[in-house]
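Undergrad: Working from the sequences, and respecting the hints, build out all of it.
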Amino acid sequence: MNGRESVLSAIQGALSGVPDSERPDDVPPSTGPRADHAGPDVVGLFAERAAEYRATVVRVPQADAAAAVGRALARTGARSLVVPPGFPEDLLPEGPWSRLADVPPLTVAQLDAAEAVVTTVATAVAVTGTVTLDHGPGQGRRVLTLLPDQHICVVRADQIAPDVPEALRLLDAYRPLTLISGPSATSDIELDRVEGVHGPRTLDIVVVEDA
Amino acid sequence: MSGADNVVWLGTPAFPEAARTALADTRLRANLRRATGTIRDKRLAVAAELDDWEELRDTAAAVKRRTLRHLDHHLLRLEETVTAAGGTVHWAADAAEANAIVTRLVKATGESEVVKVKSMATQEIGLNEALAEAGIRAYETDLAELIVQLAEDRPSHILVPAIHRGRSEIREIFRREMGEWGRPAPEDLTDEPRDLAEAARLHLREKFLRAKVAVSGANFAAADTGTVVVVESEGNGRMCLTLPETLITVMGIEKVLPSFADLDVFLQLLPRSSTGERMNPYTSLWTGVTEGDGPQNFHLVLLDNGRTATLADEVGRQALSCIRCSACLNVCPVYERTGGHAYGSVYPGPIGAVLTPQLVGVKNAASLPFASTLCGACYDACPVKINIPEVLVHLRAEAVEAKRRDRLLPTTEALVMKAAGAVLGSPRRLAAVQRLAALGARLVARDGRIGALPGPVARWSGTRDTPAPARESLRAWWRRTRTPTSEDARTTAEGKVRR
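Heads up: the sequence lines are chains A and B, in that order. Note that the numbering used here has the first sequence beginning at 30, numbered continuously upward. Note that the numbering used here has the second sequence beginning at 424, numbered continuously upward.
If you're looking for bench data, these hints aren't it; they were derived computationally from the structure. It cannot be assumed that every hint is accurate.
[What the hints assert, rightly or not] Some chain B residues near chain A, calculated using beta-carbon distances under 8 Å:
#: 1; residue: Asp474
#: 2; residue: Glu477
#: 3; residue: Leu494
#: 4; residue: His497
#: 5; residue: Glu520
#: 6; residue: Leu566
#: 7; residue: Glu592
#: 8; residue: Ile593
#: 9; residue: Ile676
#: 10; residue: Leu690
#: 11; residue: His722
#: 12; residue: Leu725
[Said to hold, decoys possible] Output of the computed footprint for chain A on chain B, the stretches with three or more beta carbons under 8 Å from beta carbons of chain A:
#: 13; segment: 677-686
#: 14; segment: 700-707
#: 15; segment: 730-738
#: 16; segment: 751-762
Remember, it's a predicted structure, so these values are computed and weren't measured experimentally. All C-beta atoms in this analysis are idealised placements derived from N, C-alpha and C, irrespective of residue type, glycine included.
TA: Now the structure itself:
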């Protein structure tokens with residue numbers, strides 16, 4: 030008997046007490062209307078919660094979005110910026126930085142040497158201060174937001190979902206997904222929180238408010 | 424190597440003995456008290472933010488219990504969806520089989536090293552040791568796991584495996600061992616957590632950048648889509664899940680969820696229960712392989728290793744609902760004082776005390792169901808409402824039964840219980856014994872307390888003082904003072920009327 034058959038027959042033996050009339054899909058999935066944890070000011074809550082995770086958050090009107098990206102770059106002094114395919118050109122600021130396009134794909138060494146990356150997001154979650162990437166246009170491959178030290182995210186206010194269930198419903202399970210809440214962090218040494226272990230040390234979030 | 428050899432650390436003393444040693448270590452107790460206290464407060468604060476916390480727990484418990492009742496159905500569905508998304512599914516009945524599968528997969532790539540995301544399942548099967556025997560070096564990349572690996576130590580907590588180590592110890596371990604494994608620690612390394620984390624970053628980055636194969640565990644897998652989820656903080660998980668060409672995920676069969684939509688409940692409960700955060704910094708979800716992004720070969724190893732035996736026990740089965748958040752460890756008065764090593768298992772604390780004996784057989788971890796005060800704090804903290812005290816009591820009965828079966832003569836405990844049964848079953852006998860006890864106690868008690876006694880009760884009395892029984896039992900006193908006369912009955916009746 031191979032592993033598959035032996036595991037499956039052991040499960041069936043263990044579950045002999047479950048009546049045949051009970052079907053696995055008798056019970057609907059667990060999603061449904063639940064308590065509202067977000068309140069009326071979803072954008073404000075998102076900005077507050079993301080900042081609590083030591084992300085740098087600014088809220089700007091559409092016209093100031095590119096300049097806000099520029100200020101984030103200036104703050105860390107980053108001189109090389111990875112720009113994923115499909116990132117809106119009108120969100121890119123002028124500045125003393127060199128642009129790295131991921132076409133053809135950048136090598137791991139090039140990405141490791143890059144100082145910053147700028148992306149859009151798929152959705153965001155107010156209650157947890159999370160941004161979610163599905164690595165589609167404007168967001169790039171997963172590795173793009175992993176190796177550079179600074180990650181700048183541009184979030185449109187209308188992309189912010191109140192809570193985790195709403196955000197998950199907006200996502201496509203068949204794409205790779207990354208949920209990011211603040212910069213990389215560890216609490217493994219005496220439970221002291223330290224930011225910047227392996228992922229980006231700095232997370233900047235630019236929330237673009239409706240005009 | 425059998426399952427039992429890995430889940431429990433053979434050759435380590437049983438819990439009562441190991442606990443005695445741990446209790447004497449004042450630094451360990453201070454580290455633990457501080458760490459578990461910190462995390463307890465954070466967890467309570469973020470759980471209190473959700474006014475439907477109890478409803479979320481009920482939902483999560485229901486989803487888990489329901490999934491376990493149809494586990495074969497959901498696993499077959501998962502196999503189908505992962506395969507359709509370009510992954511390959513393997514099934515392993517025990518640790519040896521799982522290790523052989525992973526070793527074969529790594530060898531097929533021609534590589535002799537792998538990077539690892541922290542995973543309880545691979546620890547449980549002793550994967551690193553099995554790979555080492557096959558000439559493959561496995562690098563742990565979670566900071567705490569790295570500390571444990573460099574120190575040739577054992578993990579002592581499910582979430583924070585190096586919780587028993589202080590910062591200066593970690594500095595010494597890094598300075599002494601990092602050079603053996605790769606980039607050495609900087610000469611001027613201090614014991615500041617920030618500096619230590621930076622040393623780990625530099626040490627591990629070169630490994631991430633050259634790694635061709637990664638091994639991970641899984642927090643959840645959704646059967647309807649084939650999506651696998653890893654929840655982490657440091658980004659080492661993302662490194663392993665993104666950079667290598669081949670990804671091998673070892674997942675206990677109990678981790679499957681029916682649907683992607685079910686994740687919303689668990690992604691609300693897990694971070695808040697484990698680290699006391701609203702959300703952990705990084706959660707990665709992937710479904711098979713994606714062309715041009717991340718590993719192009721994905722293998723999912725579904726691991727039994729004692730889980731189906733646990734599933735067969737209708738009371739103990741609920742332990743398989745565990746999402747490894749470690750909230751039960753942090754609230755447990757026993758864990759806080761003994762630390763994780765005393766449990767002698769990959770799974771310490773309250774959940775370990777119920778999971779370990781079930782995975783390896785009660786006979787192989789007979790002291791663990793007794794490593795608890797049954798205070799119930801673990802049940803209150805558990806986000807999926809595993810009734811740990813109920814399972815502990817159930818397993819205690821099994822441990823006693825197993826002991827009885829293996830003996831020709833009854834144990835002292837069994838004889839005492841039998842005698843107690845006979846005495847408590849008869850008021851006359853009870854009264855006689857109470858008179859005798861009162862008399863005997865006065866002979867051995869000092870200041871109204873009975874200390875250590877010789878003979879069969881030596882072990883019991885050696886660790887506790889017992890108040891001496893009263894000179895007279897309540898029943899005897901009642902009979903002496905309140906035997907109603909006709910006079911008394913009339914007074915009582917009149918008393919009631921007057922009020």
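Undergrad: Quick one: which hint numbers does this structure break? Sort them smallest to largest.
TA: Violated hints (numbers, rising): 2, 7, 11 and 16; every other hint is consistent with the structure.
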